[in-house]
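> Below, each chain spelled out in residue letters.
Protein chains: 2
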Amino acid sequence: MTQYGQVTPAIVAELSAIAGEKYVIIDKDKMEDYSHDAVTGEKYVGFPDVLVLPGSAAEIAAIVKLANRERLPIIPRGAGTGYACAAVAFGGGIMVSTERLDRILEIDEANLLMVLEPGVRTSEVQKAAHDKGYLYAGEPSSGDSSFIGGNVATNAGGIKAVKYGTTRQQVLGIELVTAEGDIVTLGGKVRKDATGYSLAQLVIGSEGTLGIITKIYIKIIPRPQKVMDLLAVFPNVEASIAIVAKILQAGILPVSVEFMDNKGIRCCESYLNEKLPHSDTGNYIIVSIEGDSEEALEDQCVEIDELCSANGASFVLVADPVKIWKARKSFGEANRARSLIFSAEDIVVPVAAIAGMVKKLTELGERYQLTIHCVAHAADGNVHADILKEDVPMEEWEQKLPLLQAEIYEFVYSIGGKLSGEHGIGYKRLELMEKFTNPVELKMMRAVKKALDPNNIMNPGKIFRVN
Amino acid sequence: MTQYGQVTPAIVAELSAIAGEKYVIIDKDKMEDYSHDAVTGEKYVGFPDVLVLPGSAAEIAAIVKLANRERLPIIPRGAGTGYACAAVAFGGGIMVSTERLDRILEIDEANLLMVLEPGVRTSEVQKAAHDKGYLYAGEPSSGDSSFIGGNVATNAGGIKAVKYGTTRQQVLGIELVTAEGDIVTLGGKVRKDATGYSLAQLVIGSEGTLGIITKIYIKIIPRPQKVMDLLAVFPNVEASIAIVAKILQAGILPVSVEFMDNKGIRCCESYLNEKLPHSDTGNYIIVSIEGDSEEALEDQCVEIDELCSANGASFVLVADPVKIWKARKSFGEANRARSLIFSAEDIVVPVAAIAGMVKKLTELGERYQLTIHCVAHAADGNVHADILKEDVPMEEWEQKLPLLQAEIYEFVYSIGGKLSGEHGIGYKRLELMEKFTNPVELKMMRAVKKALDPNNIMNPGKIFRVN
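Here the protein sequences line up with chains A and B, keeping their order.
For the first sequence, this note's numbering gives the first residue as 64, with consecutive numbering after it.
For the second sequence, this note's numbering gives the first residue as 64, with consecutive numbering after it.
What you were told as hints is all true, and nothing was included just to trick you.
Pairs involving identical chains hold if they fit within one copy or between any two copies, as the list cannot separate such chains.
Listed below are the simulated PhoX-like cross-link pairs for lysine-lysine, each with C-alpha atoms no more than 25 Å apart in a straight line: (1) 190 / 289; (2) 309 / 190; (3) 506 / 278; (4) 309 / 282.
Calculated directly from the structure, the hints in this document are not laboratory data.
Starting from the given sequences, assemble the full structure and let the hints guide the process.
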């Protein structure tokens, strides 16, 4: 086990000298908002010894150098919208928030890219691109509140990954304060790069364990002119999932293909207090398509309609985009309202295995007598299964959940799936990560971590234990 | 400096026991084809002590374990079509060819992916996908002869990267024999993954320095039905390059946007002994567009024609695809025919900086009195500048070339560019890599290399020196 130092008054004074006294917080009451992310439950709450809100990469570098000298854990923090407790402090240390690095530095139209600081909200990035006629294609469901830096640090996915890929595919480069406190630019304004190892790709998705991202270069593309959302309602899960491959194989590349199971739909309906179409028995497939002409969209629309109808859909409707996306995006909140304690699983499996996965989850839910609601980024094979505690006594919940998860992931790994499609591992899934990851792969990850963070100060105890 | 062992007769016997006697070669005459890649010149020729053609990942793993035990360099070898001498042995050791791992293992239509061994030729991968109605979007110009394993190891780019990205974006997973001789699968059939560090992305483009790729999972997509190639001829370089941003900003996403300068066109013309259109003074922009309907393509065609004509093109023609791509793809061969010794630079700069880059190359060519021919993957910012030796005396060439390269890359790095867009660093660009890479970035790469290959046996002396 790494031995860490203590955050003494002298260290706090030194941090104040680096970042300014008003940006160094040790009062626990003022750290409340920083003590958790979107995961609920007492065991997922933790406080750093000190919270610092630096104003520049240079200040962050100075803090990281200090942390190395004194062997203090650094916990990088974005907007705290994660689902894996990656940005929560569980062993004290210095939390470094990127919230003051909140500028859009450049919209470079000639090179079709933007340069951002990490604390810009994802929705602001989208809006800034949109206002100039462009699209930033990253769109995690938490985009209204998440920071772009957090999106990069976790390789956020979201509802447009089918067509555009995850955050990883949007990023051309990053500026990083390394775990040793150096500032380096990896990648940049170039669109291709075969100049040595792709360290940017390594850092993307490393959840703050390899450094703190202080600048981001992302791609933008001319904004598609037209968008259309279709809702296909299926009486059973298998038929709804089976349609996904048929749409893709027909050569249609939608922006989004989302699945919601009937229990999930009803839960959202009750949370929003709004009637959703055919919610009595239906399972939803929401398909968004986009293009530059009404005609092209309509042709695709007709083709999707015919495919769905021929393959078991009870209804296919042009959806009210505001209403349907509000419903889809309320899934997490709706489950939280039903049960403050719940476990949001982020299973990813080969696309064709989703129906079997959802069936397995249904069986397991019944056997364990726990409510499980499912939605899926269906064309990515990414199933969000929210397991609700509801009124199950805490002791029973704490006993049942790990057993259920073990069965879920035994199955997931047996069909070539993985623990997380987009939420990451963080603190919450660390035990599962160590249990299910191939030992050789885990050994390689640990070796890389030790090589780049020799003092193990950068977000320690996240993803895997080093020792 | 790493101290390496010797390949003794006992080692050769042990290799024969692993791979079979007929697949272990020590006769230099039989190694001729393995002693170089596409780079010409005596100093880029080198022989291993022994060449092994193993038949499985297990055999490769056994060879790598032996190499660790005896401290022997391993040089992984694909088809030898590289432009950086990454797969050439310069300090003896064991060359491991993947040519016998040449099976297409699976075309998984339900999951829209293929599973391949590394020794399958890129063109065979493309053909197998095509025959089933799909497209494998990786298309390096050397695809007829390159191996898919080499494409992954070098993150090959090519002419379709504008729309589909480089090889990195096609790969869902790899099986790797690690530098320590373990076999591990990184990624796989899942389309999204946030389960710890993306080691697959780290290994892609690492040019055989982190392990030997023994299996590859790649994406396929439904094949676009229609393709059309346009040739726009411009009287000057600036106007031809300026059109690229205008096409992209108009919301057209071509499959390819290629630039050829007039000297390059004439060189290809003379090599092919074929008249190319308007080759007297023209600079070419070749634009390929694809889609599912003739109408959609024609609309784009008209738009591109109008854009080009309004922005200085002398002529815009629908090109004969066979003829125009034969010309474009003959660029390297044409230069080789003109001058057996030439240096193929693989500069990458921000897209908007290409015109300035080509202008700078023209100036430098005149000042150094060396012929430089340019083509570019224009929408990627990737400029292939072939510097020809022609009849310059060898001594003068060897003296001039590094000075010219130093000036080229001083300029490239001053405008945010990099040493290689798609050819990689290998052995050929190692000195430039160490000179121009940010020391922090280089230190991080070295740390990763040491962590994953502690004995420095895996393709040592490529990309950078460890010691």
